[in-house]
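Got chain A; can you put chain B on it based on the hints?
Number of protein chains: 2
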Amino acid sequence: MISESDILGSFQHLVENNNNDFVIVGSGDDAAVIKSQKKDLVHSLDISKEGTHFPDNSSAEDIAYRSIAVALSDLAAMGAYPSFITVGLTSNKTDIKWYKDFTRGIEIITNEYDIRLVGGDITYGDLNVCVNVFGYCYKNPILRSNAKPNDLIYISGTLGKGRKGLTDWQNNKKSEYISDFFRPKARFDIAEYISNFASSCIDVSDGLIKDLSSICKLSKVGAIIKFEDIPITNDIKDLSYGDDYELCFTCGKEYEDILNAQGLKPIGKIVEGLNLELLKENKKVKFTESGWDSFE
Amino acid sequence: MISESDILGSFQHLVENNNNDFVIVGSGDDAAVIKSQKKDLVHSLDISKEGTHFPDNSSAEDIAYRSIAVALSDLAAMGAYPSFITVGLTSNKTDIKWYKDFTRGIEIITNEYDIRLVGGDITYGDLNVCVNVFGYCYKNPILRSNAKPNDLIYISGTLGKGRKGLTDWQNNKKSEYISDFFRPKARFDIAEYISNFASSCIDVSDGLIKDLSSICKLSKVGAIIKFEDIPITNDIKDLSYGDDYELCFTCGKEYEDILNAQGLKPIGKIVEGLNLELLKENKKVKFTESGWDSFE
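Top line first, the protein sequences correspond to chains A and B. First residue of the first sequence? That's 2 in the numbering used here, and the numbers climb one at a time after it. First residue of the second sequence? That's 2 in the numbering used here, and the numbers climb one at a time after it.
The following block holds chain A by itself, in its conformation from the complex (with noise of 0.2 Å):
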């Protein structure tokens, strides 16, 4: 059996490498005290749990990478950018290697998006990963209650890669999109790129259908999407799915030209009216926020 402080020595070194400037206390005292960035701080906690959020047998590293990543989307889909982070693991793993692929899972992701691990707690039980993210605007934050009636609706990038990329990873088939699940990206690019213009924003971490009808409902909307536009891997589920973490956002007309020429183009548009509309061939398609019935 390991002991308590044989995990928090695999901690250790992610701590200790933070820079000075950034945290004035870090590991070992009773709090940390991070240094003031005299700016709003913007915060998400996701709570990630074995064989809901991510597989049995997912790889430790895995763990550690999707539960931050997934946190950091949320940050992208305020239109900020990731500055620290704190990580509460609940773990029941007895063996000192997985603490040490799950701490380098952490210093993969931190090291990627050059943020600081400013604190965390370990228990024993049931493998549960709580993570606190943390960060500030690149200009002020995008809601999600903003969207206007005309304005145009885009997503960052292709939806259904994580779904099949779990299909592949549980079919044990080799496949470049199992990294598209376990490794996915948070779009800070794109975030930082809409920050000056966007009117709304979600990150797509339940499928397009329910997080584009949040932005309807906060924003007092509706909206007419087409099929044929949406960027797919699979068929018409992926827009129901999740697990993607593309931004979902949305702009006036105006914008049209300068982000058709970053190659992104309109999945549809802001509409008066509470309704999320979605249109395959022309014809509307009937379904729930978990997906559809039938074609009208």
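Check before you lean on any hint, since a few could be wrong.
Copies of the same chain are indistinguishable here, so a pair counts whether it falls within one copy or spans any two.
[Said to hold, decoys possible] Computed cross-link-like contacts, SDA-like style, restricted to lysine to any residue with a CA-CA straight-line distance of at most 25 Å: (1) Lys221 <-> Gly29; (2) Lys40 <-> Asp115; (3) Lys287 <-> Gly274; (4) Lys218 <-> Ile123; (5) Lys287 <-> Asn197; (6) Lys36 <-> Ser146; (7) Lys94 <-> Ser11; (8) Lys50 <-> Asp96; (9) Lys101 <-> Lys186; (10) Lys266 <-> Ser206; (11) Lys238 <-> Leu280; (12) Lys238 <-> Ser4; (13) Lys284 <-> Pro232; (14) Lys266 <-> Ile123; (15) Lys186 <-> Thr168; (16) Lys36 <-> Lys140; (17) Lys175 <-> Phe288.
Honestly, the hints are just simulated from the structure, not real lab data. Every value quoted in this text rests on a predicted model; they were computed, and no experiment measured them.
Same frame as chain A, now just chain B:
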């Protein structure tokens, strides 16, 4: 079976109660935006698990209160006052009343300390509460690593009350101590008072012996404490039991008179060397971090 939105509904009023001067963007978006205080941020994280950190069958209100209180205590030990918290809840309870009671526990403690809940997440699984607490220093951080030889050692209150409360609760005995276990108080009053002169500080969460040993280890000093000078509730085991959340701090001898006027008397002093010595009737008591073996 209750739905996720039922559960989230029971939390809604807590995040909506946020003062808008403090939380610029609250619940319902991808992330929260917290107004900058232009001061260094102090952070700590604590996971509380059923069966480990609180007994099975604890009330939901107590679980919420206690999980947050023990995390807040780390801020007090750092010489910081609390400002906002986040709660990541994993729970397998299927009764909406449980969640209402849990949120009432959050409400009671956030009102008591005038702090805000700025974010949260809920997932299904074994009961596990991951609390992140944030605050700002009264003055400078009070570290564990700054005790000096000849400093006096103090404890902010009586040890063993939590231990007695838990035992009484387990024996179905009515007792004023039960709230000491389930509703411990973070000693911000003392933290503020000693911020101007304490050389080191820790909260007694793991027991005085272990926690004072941590100050010794990090400050590279030794300590001698006298059993007869330590306020206890039960017996000598109160020194190693923990769950007290009083502050153990050190300061120069020149502060003895003003602390005496506050009713605080030294329990020992910091010395050269690296050993913690406990004297009882002027004889050394042998102990390990978790207890003791025999009297010499």
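Quick rundown of the hints versus the structure:
no. : hint              : result
1   : Lys221 <-> Gly29  : between (48 Å within a copy, 14 Å between copies)
2   : Lys40 <-> Asp115  : both (18 Å within a copy, 22 Å between copies)
3   : Lys287 <-> Gly274 : within (17 Å within a copy, 76 Å between copies)
4   : Lys218 <-> Ile123 : between (38 Å within a copy, 22 Å between copies)
5   : Lys287 <-> Asn197 : neither (35 Å within a copy, 66 Å between copies)
6   : Lys36 <-> Ser146  : between (32 Å within a copy, 19 Å between copies)
7   : Lys94 <-> Ser11   : within (14 Å within a copy, 34 Å between copies)
8   : Lys50 <-> Asp96   : both (19 Å within a copy, 21 Å between copies)
9   : Lys101 <-> Lys186 : within (23 Å within a copy, 36 Å between copies)
10  : Lys266 <-> Ser206 : within (21 Å within a copy, 57 Å between copies)
11  : Lys238 <-> Leu280 : within (14 Å within a copy, 72 Å between copies)
12  : Lys238 <-> Ser4   : between (46 Å within a copy, 23 Å between copies)
13  : Lys284 <-> Pro232 : within (18 Å within a copy, 78 Å between copies)
14  : Lys266 <-> Ile123 : neither (45 Å within a copy, 35 Å between copies)
15  : Lys186 <-> Thr168 : within (19 Å within a copy, 50 Å between copies)
16  : Lys36 <-> Lys140  : both (20 Å within a copy, 14 Å between copies)
17  : Lys175 <-> Phe288 : neither (33 Å within a copy, 57 Å between copies)
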